[in-house]
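Peer 1: Here's the letter readout for the chains.
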Amino acid sequence: MSLRGAGYIVGAWEHPTRKATDKSVTLLHAECAKGALDDAGLTKDDVDAYFCAGDAPGLGPMSMIDYMGLKVRHMDSTDVGGSSYQVAVGHAMQAIATGRANVCLITLAGRPRSEGMATGTAPRAGNPAQAEMQFEYPYGPATANMYAMCAMRHMHEYGTTSEQLAWIKVAASHHAQHNPHAMLRDVVTVEDVVNSPMVASPLHRLDCCVISDGGGALIVTRPEIARSLNRPRVKVIGVGESAKNPSAGDVDLVYSAARFSGPPAWEMSGIKPTDIKYASIYDSFTITVLMQLEDLGFCAKGEGGKFVMDGNLISGVGKLPFNTDGGGLCSNHPANRGGITKIIEAVRQLRGEAHPAVQVPNCDLAIAHGTGGSLGTRHVGSTVILERE
Amino acid sequence: MAIAAQRKIPFVGTPDTNPETRPFFDAAAQGKLVLPRCKDTGKFIWFPRGISPFTLGEVEWAEVSGKGKVYTYSVMERANPPYCIAYVELAEGPKMMTNIVDIDFKDVKIGMDVKLKFIQTENDGPSMPFFTPA
Chain A
5 MSLRGAGYIV
15 GAWEHPTRKA
25 TDKSVTLLHA
35 ECAKGALDDA
45 GLTKDDVDAY
55 FCAGDAPGLG
65 PMSMIDYMGL
75 KVRHMDSTDV
85 GGSSYQVAVG
95 HAMQAIATGR
105 ANVCLITLAG
115 RPRSEGMATG
125 TAPRAGNPAQ
135 AEMQFEYPYG
145 PATANMYAMC
155 AMRHMHEYGT
165 TSEQLAWIKV
175 AASHHAQHNP
185 HAMLRDVVTV
195 EDVVNSPMVA
205 SPLHRLDCCV
215 ISDGGGALIV
225 TRPEIARSLN
235 RPRVKVIGVG
245 ESAKNPSAGD
255 VDLVYSAARF
265 SGPPAWEMSG
275 IKPTDIKYAS
285 IYDSFTITVL
295 MQLEDLGFCA
305 KGEGGKFVMD
315 GNLISGVGKL
325 PFNTDGGGLC
335 SNHPANRGGI
345 TKIIEAVRQL
355 RGEAHPAVQV
365 PNCDLAIAHG
375 TGGSLGTRHV
385 GSTVILERE
Chain B
105 MAIAAQRKIP
115 FVGTPDTNPE
125 TRPFFDAAAQ
135 GKLVLPRCKD
145 TGKFIWFPRG
155 ISPFTLGEVE
165 WAEVSGKGKV
175 YTYSVMERAN
185 PPYCIAYVEL
195 AEGPKMMTNI
205 VDIDFKDVKI
215 GMDVKLKFIQ
225 TENDGPSMPF
235 FTPA
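If you read the protein sequences in the order shown, they are chains A and B.
Mapping to the numbering used here: the first sequence position 22 is 26, numbers consecutive.
Mapping to the numbering used here: the second sequence position 21 is 125, numbers consecutive.
These are calculated hints, taken from the structure and not from any lab test.
Note that beta-carbon positions come from the ideal geometry of N, C-alpha and C, so glycine has one too.
Each hint should be verified, as a subset may be incorrect.
Estimated spans, in silico, between C-beta atoms of each pair [what the hints assert, rightly or not]: (1) B/ASN184 <-> A/GLY103: 55 to 63 Å; (2) B/ALA109 <-> A/SER118: 27 to 35 Å; (3) A/SER28 <-> B/SER169: 53 to 61 Å; (4) A/MET121 <-> B/ASN184: 45 to 53 Å; (5) A/ALA304 <-> B/ASP120: 42 to 50 Å.
Residues from chain A that keep clear of chain B, each with C-beta distances beyond 10 Å, as calculated [what the hints assert, rightly or not]: (6) PRO20; (7) GLY39; (8) ASP42; (9) LEU63; (10) PRO65; (11) ASN106; (12) MET156; (13) ARG157; (14) ALA204; (15) ILE215; (16) ALA304; (17) ARG355; (18) GLU393.
Here are a few chain A residues that face chain B, going by a calculated C-beta distance under 7 Å [unchecked claim]: (19) GLY73; (20) PHE139; (21) GLY163; (22) THR165; (23) SER166.
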């Protein structure tokens, strides 16, 4: 049984806040839920399935189900970091297809900015029973230097340059200037990026995403419900999820889990990368985007540097408009997890509701890809392909 | 740039947290790098564990030469003092996470030959393997 078309995204809402000093994480989740339900034209009582990940306080989904007063018959709290929300869309499709759910609510929220979290540069000590922890934590694996090691190796094998990576930030900044909620709205140049302070070589400060508070939510329903609602219909036509890790020492850092999550999503969708009009690509760092573009088949492995140059990712300029909200690089990376905002901007594009300055004409096919965890060690890639019906 | 001061090396838990990895820590205390090897495939395994992820079969512990080459690295400039994280490809095959130490970081290169150096972790923690230019 193919999941193609089993579910539609009928509600998508991004919290406008980027700094929520006066709100709790649970309240942000609930406000996002309300926003997405209002967007869909549904109410809380219509929800019969709830999906969240590790950013939701409490044991799995239990606290948030209580806090929001939900009554659900299906729940899923698969936590794979920033890619959890693409995974949740896929799992919602399965729940709908098997008759276990009609209206699926997915929420994300967090406030790392208010909490003063050094997301990218401070190694985080985890549970030492997580067996790799004792053999990695002593070496100071923060987020930035893990992704930086991928960039360093990619440069070594393929001649990728800092200037090419910078083009990704430049493109994001061209889009962010039109987003009133974006944290960074100034248009930057390649020179600005490569002259910004080095964080973890070869990644500069402007190669890194923002640290922001906020959140987002999605509503996925079965087709009959989508047709009954007064909103443009966004059909989910492809999903894929996969994990990649250091493979007990067979480390290869020039590709990501997108190499494995992409093919099943493409196959289910029946379309190919050249059909895509708009791409939301996880952008924790510039190198994340470059590797995922290669791994999803938008260009050959090693050609990502050339592909992203000269504004090729800028809406109205290049061949593949990406992250037209400014993405994590300029707009928002709520809870240090950018997966859901990738889907939300893809939905905006397919509905024709993106900012007019960045709206892709006749946008009927889009992709939203997430990466959660560390590209330099273990991570999950998750792919969602969407069609405007 | 000169050689940066050596940062304090943190450690979480104790060598008994995952008791089956004791041979690694006991050898490290003697200045030797001992890793598990899959009995079925003969392949060395990083990070150490008590079962083979290649076959879910048994492992045996064996000393490796400590010779390797830098596969990739990154200097964390935002840390004080800065440090150089890396994956080193051991002569015996696996690539392991480590730090390159006792070197001006601008001299670190992918492919450079490195050799073992053990450093004790803070608070009387176990010694861990690091690498310096060969």
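Peer 1: Against the structure shown, which of the earlier numbered hints fail to hold, in ascending order?
Peer 2: Hint check: 4, 12, 13, 14, 19, 21, 22 and 23 fail, others pass.
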